[in-house]
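Colleague: What follows is the residue order along each chain.
2 protein chains.
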Amino acid sequence: MTSDRTAPAVPVPAFEPPYYVAVFTTVRTPDQDGYRETDDRMEELVKEVPGYLGMDHAQTPGGLGITVGYFRDAEALARWRGDAEHRAAQKRGRAQWYETYTLHVAKVERSHGFTRAQAPGVRDDGETA
Amino acid sequence: MTSDRTAPAVPVPAFEPPYYVAVFTTVRTPDQDGYRETDDRMEELVKEVPGYLGMDHAQTPGGLGITVGYFRDAEALARWRGDAEHRAAQKRGRAQWYETYTLHVAKVERSHGFTRAQAPGVRDDGETA
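Those protein sequence lines, which keep their order, are chains A and B. Numbering-wise (this note's numbering), the first sequence opens with residue 2 and increments by one. Numbering-wise (this note's numbering), the second sequence opens with residue 2 and increments by one.
Among the clues, some could well be false.
Since copy identity is lost for identical chains, a pair holds within one copy or between any two.
Computed cross-link-like contacts, SDA-like style, restricted to lysine to any residue with a CA-CA straight-line distance of at most 20 Å [stated by the list, open to error]:
| # | residue 1 | residue 2 |
| --- | --- | --- |
| 1 | Lys108 | Glu76 |
| 2 | Lys48 | Glu110 |
| 3 | Lys92 | Gly114 |
| 4 | Lys92 | Gln119 |
| 5 | Lys48 | Tyr99 |
| 6 | Lys108 | Pro51 |
| 7 | Lys48 | Pro14 |
| 8 | Lys92 | Pro62 |
| 9 | Lys92 | Arg117 |
Read the hints as simulated data drawn from the structure, not as lab findings.
Work out the full structure: start from the sequences and follow the hints.
Modeller: Structural data, given as structure tokens:
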């Protein structure tokens, strides 16, 4: 889910609440033909949605995948949800790529970030709200 | 994050909203001494919290880890957040195991599950709320 797959992983930071998360947990089928191309295309598309804030993705090999999308408000999410190309990709996902998935859409009430201090302490330990 | 690590991965299902998710995204340090034991202990402990609903975990090797905890209400989350042993583990995490992390605590407004039909169609495609 990152365009530069060799870049070090960095989680999306905490934003000032409220904002929205879409938590998408998946187990994939053995047939992943076309998945990568569609995934790349979806990443391109979602970036065009006003209010899109970022995305985190982790995949346990042979196990669970979790994608978390961050959106400024319900309108941004609704726009992404209604995107025709996105809907076509979801349909193909159910037909081919996903064994099972769950989607949880939630409004963030509290967020918090931590980054290890480098030598002369750059640290972000502030909690919002 | 599963007690039987050889069991097939199954995402936590959608619950009837409202409920809470705690989305914890991490990049770990090279020093993971003691992590596994503490992680196992936390999994034991959180199961004792009334209103705890489940947990999903995915880890990209050498990359991002995402843990999502599900809780029935804010009280359940507050109880877990205040657990003394949990707080000690968080402190050790900041000192040793985590390069960087973000926590997003959010109230679920909408959820949805899909499971591929087995031969004579067992399918869960219902959206709540």
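Colleague: List in ascending order the numbers of the hints, as given earlier, that are violated by the structure.
Modeller: Those not satisfied are hints 2, 5 and 8.
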